[in-house]
Amino acid sequence: MEIIALITGFSLILIGLYGILSKRNIIKIIVGFSLFDTGLHVLIVTVGYIKGGTAPILDSVVGTTDVASKIVDPVPQALVLTAIVIGLGVTALMLAYALKMYQAKKSLDISDFKDMKW
Amino acid sequence: MIRNFFIIAIVAGLAAIFVTLFWNFGDSTTLTPLATHYADKGAAEVGAPNLVTSIVVTYRGFDTLGEVTILFLVASIVSFFLKREKLQKDIELKRETSEIILTASKLLVPIVMVLGVYVFINGHLTPGGGFQGGAIIATAFVLLLMANPDFKINHRIISIVESVSGISFVLVGVFGILLAGGFLDNKVLPLGTFGKIFSAGAIPLIYSFVGLKVGSELSNILSNFQGIQKEEM
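Protein chains in written order, with my numbering: chain A, 129 to 246; chain B, 11 to 243.
It should be emphasised that the hints constitute simulated quantities derived from the structure, not laboratory data.
All C-beta atoms in this analysis are idealised placements derived from N, C-alpha and C, irrespective of residue type, glycine included.
Among the hints, a few may not be true.
What the hints assert, rightly or not - Which chain B residues face chain A? A few, computed with CB under 8 Å, are given here:
(1) F28
(2) T39
(3) V84
With the rest of the complex left out, here is chain A (with noise of 0.2 Å):
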């Protein structure tokens, strides 16, 4: 199980990363960040797994007694739940900038926006 998540999380790195760097236009850049967040989640949702254990919700089935014993991490659950509102924060403002980005120059290829290379 934790080997298919590890898996997809980092290949979803690799994918996003590479989209990042080698793409001109600006709309893929913004879907390789995108990709790069949902792999680091499913990275950090993999290291807190626990052989066997359930969803941390204290129903029927895991009762209130010894729970520590069957339930899974919840601590780094709540951290990527952090972390995908800051990621969809992050790409909302990307759009916004990509938008106003087309609006002064009528292109949203990366290699015409030149004027703060150096």
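Keeping the supplied structure of chain A fixed, place chain B upon it in accordance with the hints.
For chain B alone, coordinates are given in the frame of chain A:
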């Protein structure tokens, strides 16, 4: 050519690091001491069956306040950037909205909104919570905008809902200092019966405010992105 070489070198280097990480990954069999405390004492201290919610809202409530603040900042920066100054024209539609999506939006928008409210009110009992519920409410607005491209989201209502729920969230936290153990402590209200909807102290209240705030902020971002389409590019 040289650029491609560098890109492949960087990606391959990271892949090599990942392969070593992958081979040395050991299954963990026990929880960390911190997680053990949350698991064993969570039910008695916070009273929420969903441990992720009790961590997000109570044990690490300050993080959540910061998270909501960041989302608010994003919404205000996006509306600042995409401010409409130029002359507006109506969007020329390439073709009419299809009958299927029109009918489906009439049927689904209220149901999707109710689902969003359900998800954030039950955040302490079932998987879900304020952020998830808010995102579901925003998807209802996406469907509405796809069906009627000229639909205008009322900014006045959205900003009132957003500021009232944001201030109430902080006020519940301050009441925690006055009446209970500290900022954002959920024992402001009685803990109630474990597993019922009105339980876990202030968590359902806080998550409802978070849900309304996130939903209105995301709808605000969406309506800004929709509005700029009308501008001359």
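Status of the hints after comparison with the structure:
Nearest Cβ of chain A to the Cβ of F28 of chain B: about 4 Å, under the 8 Å cut. The hint holds. For T39 of chain B, the interface hint holds, the least distance from its beta-carbon to any beta-carbon of chain A being 6 Å, beneath 8 Å. Because the beta carbon of V84 of chain B sits about 4 Å from the nearest beta carbon in chain A, less than 8 Å, this interface hint is met.
Checked against the numbered hints listed earlier, the structure breaks none of them; every hint is satisfied.
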